[in-house]
Structures are given as C-alpha cells and as structure tokens.
Amino acid sequence: MINTKKVPEDMSHMRLDKVSAELFNDYSRTQIKKWILEGRILLNGELAVPKEAVNLDDEIEINPTSEKKVSWAAEDIAFEVIYENNNFLIVNKNPNVVMHPGAGCPNGTLANGLLHRYPELENIPRCGIVHRLDKDTSGILLVAKNEKFRNYFVSLLQERKVNKKYKAIVVGTTVGSFSINEPIGRDKNNRIKMSVRADGKEAESFIKLEESFDNYSLLDVSIATGRTHQIRVHLSSVKLPIIGDKTYNPSGHIAKKTSPELTDFIRNFPRQALHSASLSFYDPDSDDYLYFEADMHDDMKSLLAKLKKQK
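Residue numbers (this note's numbering): 1 to 311.
Hints were generated in silico from the structure; no laboratory data involved.
Take these hints with a grain of salt, some might be off.
In silico lysine-lysine, DSSO-like type, Cα no more than 30 Å apart, as pairs [unchecked claim]:
no.: 1; residue 1: Lys306; residue 2: Lys165
no.: 2; residue 1: Lys208; residue 2: Lys5
no.: 3; residue 1: Lys135; residue 2: Lys145
no.: 4; residue 1: Lys161; residue 2: Lys18
no.: 5; residue 1: Lys188; residue 2: Lys6
no.: 6; residue 1: Lys193; residue 2: Lys165
no.: 7; residue 1: Lys164; residue 2: Lys308
no.: 8; residue 1: Lys161; residue 2: Lys193
no.: 9; residue 1: Lys164; residue 2: Lys5
no.: 10; residue 1: Lys33; residue 2: Lys51
no.: 11; residue 1: Lys308; residue 2: Lys135
no.: 12; residue 1: Lys6; residue 2: Lys18
no.: 13; residue 1: Lys301; residue 2: Lys193
no.: 14; residue 1: Lys6; residue 2: Lys164
no.: 15; residue 1: Lys165; residue 2: Lys208
no.: 16; residue 1: Lys5; residue 2: Lys33
no.: 17; residue 1: Lys135; residue 2: Lys165
no.: 18; residue 1: Lys164; residue 2: Lys257
no.: 19; residue 1: Lys6; residue 2: Lys208
no.: 20; residue 1: Lys135; residue 2: Lys6
no.: 21; residue 1: Lys135; residue 2: Lys148
no.: 22; residue 1: Lys193; residue 2: Lys18
no.: 23; residue 1: Lys256; residue 2: Lys308
no.: 24; residue 1: Lys208; residue 2: Lys161
Derived CB-CB ranges, DEER-like [stated by the list, open to error]:
no.: 25; residue 1: Gly252; residue 2: Lys161; range: 34 to 40 Å
no.: 26; residue 1: Ala103; residue 2: Ser259; range: 37 to 43 Å
no.: 27; residue 1: Ser286; residue 2: Asn94; range: 25 to 31 Å
no.: 28; residue 1: Asp76; residue 2: Glu204; range: 38 to 44 Å
no.: 29; residue 1: Ile82; residue 2: Asn25; range: 40 to 46 Å
no.: 30; residue 1: Ser280; residue 2: Lys193; range: 28 to 34 Å
no.: 31; residue 1: Tyr282; residue 2: Glu75; range: 30 to 36 Å
Computed from a predicted structure; not experimentally measured.
Glycine included, C-beta positions come from ideal geometry on N, C-alpha and C.
Sequences and hints are given; from them, build the entire structure.
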C-alpha cells in the first residue's frame, strides 16, 4: 500500500533518506535509500535522490517492494497512445485528467484507464507511470510496461538524461532565449502553492520564444530539473504568466489592446495553456536516441488561432 507523510518542521532541510527512515521507521535507512533510487519513494510526487534536502510540509510517498501490486480499479477512459513496444508506451495525456487515484480523486484517472487497456500493468508500481503532469497540463508521458525498463527510465530521470520540452502560451512579450535559475519551494502563505524562494530547491528552466503576438507569446520551454509546478512558477516569476493558470495567474491577466472577443475567450479558457510537447532519451536495447512528439490539444490550437487572428 502506498503511504504518504508530510515533513514536520523539525526535519526541514534534512536529507530525504534520513527523514524517510525517521518517518517510516519500519524500514532500515539502507532499504529506504534503495527504494529512493528505484523510484519507490517520491518527494512531492517526483523522483528524487537520497541526499536531496526536504522542506516543511513536503510530501514523501513510499511504495514498498513487497506491495507493488496496485489495487486501483480498471476503467474505460480514453487516451491516445502515440507509440508502443514491449518495454514502454508513449501517451498523449488529455487535459483535465489526474495521473492516478488519490485523496479527493478515487477514480477517473489515467492510471484507471491504463489498467483497463493494459491489465498487466497492475504488477508494475504505479501502473508503470514514472513521471507526471499536472491535471490541467496535457501532453507526452512515458509508461513503463515491465520492471526492468521502469528501473532504467527512473535512473535516466534521476541522472537528468531525459530531454523534455513544453509549449506554453503566456501573457506578455519577450525576445530570443533566456534561462531562469531560481530555487523553488512551498509558498509561505499558501502551502498548496510553490514559489521562488531562497531556501527552495535548485530549479532551472530554459525559455525560447517560438512566436509572438500582440502582447502574448508562444514559448518553447525545457527544464533541467523537475520541481513541482516548475514551469508555471518560473514563468509567473518573470511576469509571463500562463493563460488559464488559476493558481499562478489567478487574476486572469489580460494584455492591453486585447479585443473583446479574445478577452472573453481567454477569461473562459478552462485550464493552463501548457503542453508537454516532446520527450527524448537513449533506448537501452538499440542504443538509439529516441524522440517522440505529441500534438497540442484542440483547446490550445484554438487559442493560438485566435491570437494569430488579432496579430
């Protein structure tokens, strides 16, 4: 059974492996360290390394090897499979879909849909899901189909050897390319949010202008780290909030000289305009460098069409 605990104040800034061993004291620190490296212990829903420092209210999730079979229900939920082989699937996740069941969302998730189409995934931790997208972020995901490949891909992620690129439609303008290298931690005033803060975890994003409109931009974003809400937080911090982001652009900022029609469309846009566009990595069997792309979903395509019309 998956078990989750929050980091108390007296353990803030300690190593993940040490804190996990304290909070889950049925297991040795050696076993805890092994599970972190295998991706069976997650920090805020993300892969981490044993030496990573934790902060107050960070969530540590543990899934012991002896209990790897999931008990989630299989449900007929539509999702697009871009590519499939014996080791993994490449999925284009729809917006408004949670990754797996949890508090407040017991069903209707991608994991439920995966179990319906691929029942054998019940024997893989988290149904083979090894990285995540926010509920309202669409796009490309890898799902491991066996334990061996899952462990391989987890190690690639931990070593930052997986290249992921995103498309974001934002309010504001920029030129060329730039990087944002600002640490991210939990917001001091709202614990469900993240924010740029000096005592946060290292986070680096690379931003490239793909297309500009009248006071709006389509950005190509890649990340060197994988912090919770990283792209959303970083873009908001440099005054380029993502359209539709109710957490980091809560006022629904509208640029000057926006037409009434476009203003209405943006204000009613149902989610953050963020899409996981591509994924690339080395395949262990062929040693080829594999590259996969996922098309934008219709809502973001419609938004771009309206921005181009005003341009």
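Structure versus earlier hints, numbers of those that do not hold, lowest first
When the structure is compared with the hints, numbers 2, 18 and 19 turn out to be violated.
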